[in-house]
Every structure is written in structure tokens, then in C-alpha cells.
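Protein chains in written order, with the working numbering: chain A, 1 to 114; chain C, 1 to 109.
Hints are supplied without guarantee of correctness; some may be wrong.
Derived pair list, reagent style DSS-like, types lysine-lysine, alpha-carbon separation capped at 30 Å [stated by the list, open to error]: (1) A:K51 <-> C:K1; (2) A:K44 <-> A:K62; (3) A:K62 <-> C:K42; (4) C:K68 <-> C:K1; (5) A:K27 <-> A:K51; (6) C:K68 <-> A:K27; (7) A:K51 <-> A:K62; (8) A:K51 <-> A:K71; (9) C:K42 <-> A:K44; (10) A:K44 <-> A:K27; (11) A:K71 <-> C:K68; (12) A:K71 <-> A:K44; (13) C:K68 <-> A:K62; (14) A:K62 <-> C:K1; (15) C:K42 <-> A:K51; (16) A:K51 <-> C:K68; (17) A:K71 <-> A:K27.
Hints are computed from structural coordinates only; laboratory data are not their basis. Predicted model only: the values in this text are computed from it and were never measured.
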Amino acid sequence: NAGVMQNPRHLVRRRGQEARLRCSPMKGHSHVYWYRQLPEEGLKFMVYLQKENIIDESGMPKERFSAEFPKEGPSILRIQQVVRGDSAAYFCASSPDRPQETQYFGPGTRLLVL
Amino acid sequence: KQEVTQIPAALSVPEGENLVLNCSFTDSAIYNLQWFRQDPGKGLTSLLLIQSSQREQTSGRLNASLDKSSGRSTLYIAASQPGDSATYLCASTGNQFYFGTGTSLTVIP
Numbered sequence: 001n002a003g004v005m006q007n008p009r010h011l012v013r014r015r016g017q018e019a020r021l022r023c024s025p026m027k028g029h030s031h032v033y034w035y036r037q038l039p040e041e042g043l044k045f046m047v048y049l050q051k052e053n054i055i056d057e058s059g060m061p062k063e064r065f066s067a068e069f070p071k072e073g074p075s076i077l078r079i080q081q082v083v084r085g086d087s088a089a090y091f092c093a094s095s096p097d098r099p100q101e102t103q104y105f106g107p108g109t110r111l112l113v114l
Numbered sequence: 001k002q003e004v005t006q007i008p009a010a011l012s013v014p015e016g017e018n019l020v021l022n023c024s025f026t027d028s029a030i031y032n033l034q035w036f037r038q039d040p041g042k043g044l045t046s047l048l049l050i051q052s053s054q055r056e057q058t059s060g061r062l063n064a065s066l067d068k069s070s071g072r073s074t075l076y077i078a079a080s081q082p083g084d085s086a087t088y089l090c091a092s093t094g095n096q097f098y099f100g101t102g103t104s105l106t107v108i109p
């Protein structure tokens, strides 16, 4: 059973471009979570999704950021018009059931905005 | 909102020492308390999960305890090894995971 997969592992964008980060949850997991880890800071929750539904997006910046988890395919975290402050590691996690249970983390995507 | 704090922020010990990492949280209404390990440039590896009804969990040289009433958890590492060098994160779980900022551990050979 493959773990949580994220791609790309590293992403370089220039200011104003769009960044798309992908997350494939573990097989059988229907809950996906995105976290951001800024340099020298802890992991911060961004959004919690189930298939075709956003359950909790209280950690998402109000502008430029969006997330989806379609019926088919990976979850996507999309950042429009990136700025240097978006440079961070973005981690995805998945769980088979409610978020109170163990979440399994992917290796992360490291975004660098030039 | 839950606040999770980890002390110390960094720790350096000689190989073979036993050590304790501390985690405190402000809201005792948690479901679980989970400890993770993060190696540089890598993702998170789950070490131990303590359910709210439990007081401790053990795995090999690791032992984690939970005291909900005082809002504290500790991770005890016995007979530390250089391979234990990493950042250790604790997280409280409710409807979200709230992470501490971690303790960076260096075990000196």
C-alpha cells in the first residue's frame, strides 16, 4: 500500500505565476488535509477536504489560495499569483476516517518563489 | 483556539543519554495527542499516538505520556542514538491537528 504521494517534490515559480500542488491520498483514504510549514515556523493547518467537499478551510488565506478534491484524481492545492511569502513546504495528509484518527503525511512539496 | 507549545526548542545530548521532550496544550478537549518525527527536508513520520482515554504509549525506546488535566504530554527517549537526531513535533487532534513548533534534537556520537 503506497503512502501519501505528493508531486512535485520541489517547485520553483516566479512572482505572479500559478503553483499547483498535487496530493494522492493512501488507498482507501477519503479525507485529505493540507498544511503549510513556513521557514522557522511550525506546521499550520490550511484545509480539510473529503471527496468533492471542502469541510474546513479555516486555515486558508482568503485570497489566491484554493483547494479541491475531485471525485476522481488527486487533491489539488492551487496558489494563484504567487508572492515570495508563499515560499514554504506544503504537506498533505490523509486519513481513512474522521480527522481525530491518525493522519498519514506525504513527503511535502517545497515551493520556492523567486 | 488550541495553542501547542514545545520546550525546549533545541536539545543536544551525548549518545546514550535518556531525554525528555515536553509538549503543552491550552485546550484539554482533545481527541488524541500524537508525536511525529521530521528529518531535514522530509515529511513527517508518526511515532506514537495517545488516545484521550489513555495515559501513555510505548514503542521500543520511546514512551509518550499524556495528562489532559494539566495539558501536558512528554516524549521519553531512552538510550539515545545519533540516528535519533531529528525534529520532534507533537500535535493535538480535534477536528484539526494543531502542531507545536518542535524540538530539534541532536545526539552527539
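Results of checking the hints against the structure:
1. Straight-line distance between C-alpha atoms of A:K51 and C:K1 comes to about 27 Å, which keeps the hinted pair within the 30 Å bound.
2. Among the hinted pairs, A:K44 with A:K62 is consistent with the structure: their alpha-carbon atoms are about 15 Å apart, no more than 30 Å.
3. Between A:K62 and C:K42, the direct Cα distance comes to roughly 28 Å. Compliance with the 30 Å bound is thereby established for this hinted pair.
4. Annotation: proposed proximity of C:K68 to C:K1 holds, straight-line Cα distance about 16 Å (limit 30 Å).
5. Note on A:K27 and A:K51: the hinted pairing holds, with a Cα-Cα distance of about 13 Å set against a maximum of 30 Å.
6. Pair hint C:K68 plus A:K27 does not hold up; C-alpha atoms about 33 Å apart against a cutoff of 30 Å.
7. At most 30 Å may separate the alpha-carbon atoms for a hinted pair to count; A:K51 and A:K62 meet this at roughly 22 Å.
8. At roughly 6 Å between alpha-carbon atoms, A:K51 and A:K71 fall within 30 Å of each other, so this suggested pair holds.
9. Restraint check: the Cα-Cα separation between C:K42 and A:K44 comes to about 16 Å, which is no more than 30 Å; the hinted pair holds.
10. At most 30 Å may separate the alpha-carbon atoms for a hinted pair to count; A:K44 and A:K27 meet this at roughly 25 Å.
11. Taken as a hint, the A:K71 and C:K68 pair is broken in the structure, with Cα atoms around 38 Å apart against an allowance of 30 Å.
12. Between A:K71 and A:K44, the direct Cα distance comes to roughly 26 Å. Compliance with the 30 Å bound is thereby established for this hinted pair.
13. About 34 Å separates the Cα atoms of C:K68 and A:K62, which puts this hinted pair outside 30 Å; it is violated.
14. Of the pairs offered as hints, the one joining A:K62 and C:K1 holds, with about 19 Å between alpha carbons and a cut-off of 30 Å not exceeded.
15. Straight-line distance between C-alpha atoms of C:K42 and A:K51 comes to about 27 Å, which keeps the hinted pair within the 30 Å bound.
16. With a CA separation close to 33 Å, the supplied pair A:K51 and C:K68 exceeds the 30 Å bound.
17. Distance check on the hinted pair: A:K71 and A:K27 sit about 14 Å apart at the alpha-carbon level, within 30 Å; holds.
Hint compliance for this structure: hints 6, 11, 13 and 16 are broken, all remaining hints hold.
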